[in-house]
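Student: Sequence:
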Amino acid sequence: MSLAEKASYDASTYRVSEAQAGDYIALLKPRVMSLVVFTALVGLVSAQASVNPFIALFSIVAIAVGAGASGSLNMWYDADIDAVMTRTTSRPVPSGRVLPNQALSFGLILSGLSVMTLGLVANWLAASLLAFTIFFYGFIYTIWLKRRTPQNIVIGGAAGAFPPIVGWAAVTGDIGFYSVIQFLIIFLWTPPHFWALALFKSNDYERAGVPMMPNVVGEASTKRQIFAYSITVAIAGVLPTVFGYAGYAYGIFAGALSVGFLWYAWGVLQMPESDRSMKPAKALFGYSILYLFAIFSAIMVDSVLAGFGYSW
Numbered sequence: 001m002s003l004a005e006k007a008s009y010d011a012s013t014y015r016v017s018e019a020q021a022g023d024y025i026a027l028l029k030p031r032v033m034s035l036v037v038f039t040a041l042v043g044l045v046s047a048q049a050s051v052n053p054f055i056a057l058f059s060i061v062a063i064a065v066g067a068g069a070s071g072s073l074n075m076w077y078d079a080d081i082d083a084v085m086t087r088t089t090s091r092p093v094p095s096g097r098v099l100p101n102q103a104l105s106f107g108l109i110l111s112g113l114s115v116m117t118l119g120l121v122a123n124w125l126a127a128s129l130l131a132f133t134i135f136f137y138g139f140i141y142t143i144w145l146k147r148r149t150p151q152n153i154v155i156g157g158a159a160g161a162f163p164p165i166v167g168w169a170a171v172t173g174d175i176g177f178y179s180v181i182q183f184l185i186i187f188l189w190t191p192p193h194f195w196a197l198a199l200f201k202s203n204d205y206e207r208a209g210v211p212m213m214p215n216v217v218g219e220a221s222t223k224r225q226i227f228a229y230s231i232t233v234a235i236a237g238v239l240p241t242v243f244g245y246a247g248y249a250y251g252i253f254a255g256a257l258s259v260g261f262l263w264y265a266w267g268v269l270q271m272p273e274s275d276r277s278m279k280p281a282k283a284l285f286g287y288s289i290l291y292l293f294a295i296f297s298a299i300m301v302d303s304v305l306a307g308f309g310y311s312w
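In case it helps, this note's numbering puts the sequence shown at residues 1 to 312.
These are computed hints drawn from the structure, not numbers from a lab.
Just so you know, not all the hints are guaranteed correct.
Claimed, not checked - Okay, the calculated beta carbon distance ranges per label pair: (1) Asn101 with Trp144: 15 to 23 angstroms; (2) Ser311 with Thr89: 45 to 53 angstroms; (3) Arg224 with Gly112: 38 to 46 angstroms; (4) Phe177 with Ser311: 16 to 24 angstroms; (5) Ile231 with Gly22: 39 to 47 angstroms; (6) Val242 with Ser90: 38 to 46 angstroms; (7) Glu273 with Trp144: 30 to 38 angstroms; (8) Leu108 with Gly309: 45 to 53 angstroms.
As the list claims (entries may be wrong) - Cross-link-like lysine-lysine pairs, in silico, PhoX-like; alpha carbons within 20 angstroms at most: (9) Lys201 with Lys146; (10) Lys146 with Lys29; (11) Lys279 with Lys201; (12) Lys279 with Lys146.
No experiment lies behind these values; they were computed from the predicted model shown.
Ideal Cβ placement from N, Cα and C applies to all residues, glycine included.
Model the full assembly from the supplied sequences, consistent with the hints where possible.
Tutor: Structure follows, in C-alpha cells:
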C-alpha cells in the first residue's frame with residue numbers, strides 16, 4: 001500500500017473514535033516494549049560505566065517511549081492487514097477504537113519526545129541511535145520491507161536488536177563491541193523466532209498478503225532456514241565468553257540454553273508436513289522467548305558480579 005493509498009484508507013475508515021487510556025497503552029505494544037526495555041537495560045548495565053542514576057533511569061524511560069512510538073506507527077500503517085489477521089484484529093486501530101490519524105499523531109509525538117529527552121538527558125549519539133531505530137522499524141521494516149519481501153523479518157529484525165547498543169551508548173557515549181555482540185544475538189534470534197510463528201499462522205499472513213517465508217518458499221524451505229539460523233543463534237549466545245566479556249559460568253549456561261534452542265529447531269526441521277498441529281513450531285516459538293530472556297538475564301547477572309569483582 002502506497003502512502004497515498006494509506007491516506008485514502010485512513011480518511012474513509014473509523015470516523016468515530018472510542019479511544020480510552022487502555023487503547024493508547026495498547027498502541028505502545030507493551031509486551032514488545034518490555035523486551036526492548038529489558039535488553040536496553042542489559043546493554044546499559046553491561047557497559048559498567050559510572051553513571052548518575054537519574055541519567056540511567058530517564059534514559060531507559062526515553063528508550064521505552066521510543067519503542068512505544070514505533071509500535072504506534074506500526075499499528076497506524078498496518079491497520080488494514082491487522083483487520084484480517086486473527087491475532088491482530090482486536091488491536092485499537094482495526095477494531096475502530098482509535099482513529100488511524102490519532103495513532104499516527106501519537107506515534108510521531110512520542111518519537112520526538114523520546115529522542116529529545118534521551119539527547120538532553122544522556123547524549124546525542126544515543127538519541128541519534130534511538131531515532132534511527134524508530135525510523136528503521138517504522139519506515140524500513142513496516143512500510144518498505146514487510147509487504148514486499150520474505151526477508152522482511154531478517155532485515156527488519158535489526159530494529160529490535162538496537163536497544164542494547166542504545167542503552168550502552170546512553171551511559172558511555174560510544175558503541176562498545178560487547179553491545180554489538182548483544183545486537184547480534186537478537187538479530188540472529190529474530191528469524192527463527194518469527195518464522196516459527198509464521199509456520200502456524202501462515203493462513204493469517206496469506207489472507208493479509210504479507211510475504212512471510214512459509215507463504216513464499218514453502219514449509220520445507222522455511223524449516224531448513226529456521227534450523228540454519230538456530231545454529232548461528234547458538235554460536236552467538238556464547239560469544240560473550242569467547243571474547244572475554246563474560247565468565248565461564250555464563251558460557252556454560254548460555255551453551256546449555258543454545259543446545260535447547262537447537263533441539264527445538266531440530267524438532268521443527270523433522271516435523272512432517274502432514275502435522276497441522278504445528279506443535280514443534282509452537283514449542284520453538286515459546287522456547288525462543290524464554291531463551292532470549294534467559295540469555296540477557298545471564299549477561300546482566302554476569303556484568304553485575306563483574307562490577308563487584310567476581311568473575312566465574
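Student: Are the hints correct? Go through all of them and say.
Tutor: Against the structure, the hints:
no.: 1; hint: Asn101 with Trp144: 15 to 23 angstroms; result: holds (21 angstroms)
no.: 2; hint: Ser311 with Thr89: 45 to 53 angstroms; result: holds (50 angstroms)
no.: 3; hint: Arg224 with Gly112: 38 to 46 angstroms; result: holds (43 angstroms)
no.: 4; hint: Phe177 with Ser311: 16 to 24 angstroms; result: holds (18 angstroms)
no.: 5; hint: Ile231 with Gly22: 39 to 47 angstroms; result: holds (42 angstroms)
no.: 6; hint: Val242 with Ser90: 38 to 46 angstroms; result: holds (44 angstroms)
no.: 7; hint: Glu273 with Trp144: 30 to 38 angstroms; result: holds (32 angstroms)
no.: 8; hint: Leu108 with Gly309: 45 to 53 angstroms; result: holds (46 angstroms)
no.: 9; hint: Lys201 with Lys146; result: holds (16 angstroms)
no.: 10; hint: Lys146 with Lys29; result: holds (18 angstroms)
no.: 11; hint: Lys279 with Lys201; result: holds (12 angstroms)
no.: 12; hint: Lys279 with Lys146; result: violated (26 angstroms)
Violation of the numbered hints given earlier is confined to hint 12; every other hint is satisfied by the structure.
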